[in-house]
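Asker: We have chain X already, so just place chain E on it with the hints.
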Amino acid sequence: MTARRIRNAAFWSACTLAFLCVAAPALSVLISVFHQALPALGWSLLLKRTNGIGIQNAILGTLVMLLGVLILAGGVGVAAGIYLAEFATGRHERLLRFFSEILAGMPAIVIGYIGYITMVVQFHWGFSLAAAVISLSILVLPYVVKTTEVALRQVPTFLREASAGLGLDSTTTVWRILIPPALPGIVSGLIVALAISTGELAPLLFTAGFSDQNPSLALVHHQVPYLTGVIFTDLALPGARAHATSAAAGAVTLILLIILIAVGRLVSRGARRATARMTI
Amino acid sequence: MIDTPAQVESRPTAPSVPAPEVPRQPRPERHPEEGTPDPVFRVKDLSFYYGPHQALRDVSIDIGAHEITAFIGPSGCGKTTFIRCLNRMNDLIPGARVEGEIDFEGRPLYGADIRAIDIRRRIGMVFQKPNPFPKSIYDNIALTPRRNGVKKSELDGLVEESLRRASLWDEVKDKLQQSAFSLSGGQQQRLCIARAIAVRPDVILMDEPCSALDPVATFRIEELMAELKGDYTIVIVTHNMQQAARVSDRTAFFTVDVSDQGRVGVLVEIGETSNIFTSPEDQRTEDYITGRFG
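Residue numbers (this note's numbering), protein chains in the order written: chain X, 774 to 1053; chain E, 43 to 336.
Quick caveat, the hints were computed from the structure, so don't treat them as lab data. Wrong hints could be hidden among the right ones.
What the hints assert, rightly or not - Distance ranges between label pairs, derived from CB positions:
#1 F860/X with D198/E: 28 to 38 Å
#2 L1039/X with D100/E: 52 to 62 Å
#3 L840/X with G227/E: 38 to 48 Å
#4 L840/X with A158/E: 54 to 64 Å
#5 E202/E with L868/X: 21 to 31 Å
#6 A158/E with L1039/X: 36 to 46 Å
#7 F896/X with K217/E: 52 to 62 Å
#8 T930/X with D291/E: 24 to 34 Å
#9 A154/E with G848/X: 30 to 40 Å
For glycine and all other residues, C-beta sits at the position ideal for the given N, C-alpha and C.
Chain X on its own, in the form it takes in the complex (with noise of 0.2 Å):
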């Protein structure tokens, strides 16, 4: 009985203990960020750009990037996802699957350094939101053709045999059969390619630049400032007030990170719901 129960308490203090060795980093994180950010942290920061003691500019250059991985990663990834998951066999899906596995093990500085001596330098685009977007899809690219091959793959079988069996065509059987109950899972992937795209500072070192004015939609030859950016900048430069400010923006990066997480959060539970319904 107390063997029992010593082996109990060993048990619970080990889970204890694991537990807090996640939830203390993250804490401890969100508390020193915060609280260093404190002095900064009011309306200015969202009306005043980094020329003044705002970072309007970097949250707007980094919501844009968003968007344009969102379009590419989102648009690439899902096809490909598509087509792993649906139509490859034999050497084309190897091949995909090969070059995938890479890209999802290559270190983000590579991304960032291939990206700056082809785009900004080869192609003469220059330090540019095109250069930065494909850099940060690159970077993000296998989480979203995962993602959306494995949501495909939990569509059962019997859907597609149902649809086959009535001479629905592929394309037909993709689009209005397997991509709507799949659809919550791909999503959720999507929203992880963002989180990560928004934490992201190496790629864009080599590819974004910066810039204290807010970002306009040109793809080329304009620089694009980011939230990440102005961390890593801020931090190096002497002053208290540049260390509020750099500490500010990554208070708003982890904002914008737990806003994201959260969607994610939503959406997976709708996923979830959406698979209990379709059993029998």
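Answerer: Relative to the frame of chain X, chain E by itself:
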């Protein structure tokens, strides 16, 4: 509870579906040896392979129009594989291979100029487990005709008619916009039959359509088959010999042939259902139907 046949008697009118690309041929003449009037399918020496594994060997069979043909036999005898050859569902399986000939209404089913999706519009299929789409009852029926070019104004009528013919209309007419998954298993299976009918096929293949249903739902599907037989050729795979005896006009018995080369499905015999169950020609059929094996 059970719908009167009056609701389902009328043959669907207004062929609003665009003509399928497979041209209809005059029906071939009577086939003396087989005794099948007016065969829809003529299968000659069909062998089927999953990769290197042979699943069926030298199946020759005629399937008559406006008849119910039942395939019975022990597990693994290839009856499901065979029925899936008839609408080219096996095309979807990588590495699957067909040898021999299947003529459908006088034309080779596996001919180079024939597209599988056109075939499947002419030859509908009902599966072992009810497999409605995760959509409303209405959309389950309407999706395929809409894709095939049926006009919006005609869809409501087509949905009602298909549901009536599947004797499901009275149970669902007030909840057409509800999810198909809100229906019971038996209702879902009748919905799948209605969905197949809505494409206006010539043939309906049923692969153990009642194996997931309770006896009452099974009875209703069997009744429905008898009603549909006037307009469609029906082929049914069943594990249930009583079902074959109750519903079918002709019965084919398949079995597993075990040899050094492995296990392969073969057709033992086909004949009038009453003959197969009372005086089969082959000893193996007799052993099976009297319960000595299988």
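Asker: Now tell me, hint by hint, if it's right for this structure.
Answerer: We went through each hint and held it up to the structure:
Between F860/X and D198/E the beta carbon distance is about 35 Å. The supplied range of 28 to 38 Å therefore holds. Roughly 58 Å separates the CB atoms of L1039/X and D100/E, a value that falls within the hinted 52 to 62 Å. Between L840/X and G227/E the beta carbons are some 46 Å apart, a value that agrees with the proposed interval 38 to 48 Å. L840/X and A158/E have their C-beta atoms about 41 Å apart, which leaves the hinted 54 to 64 Å range violated.
In this structure, E202/E and L868/X break the distance hint of 21 to 31 Å, their C-beta atoms being roughly 50 Å apart. The hint said 36 to 46 Å for the Cβ distance between A158/E and L1039/X, and at roughly 41 Å that hint holds. A beta carbon spacing of about 59 Å between F896/X and K217/E agrees with the range 52 to 62 Å that was offered as a hint. In this structure the hint that T930/X and D291/E lie 24 to 34 Å apart at CB holds, the actual value being about 32 Å.
For the hinted restraint 30 to 40 Å between A154/E and G848/X, the CB-CB distance of approximately 36 Å keeps it satisfied.
Checked against the numbered hints above, the structure violates hints 4, 5; every other hint is satisfied.
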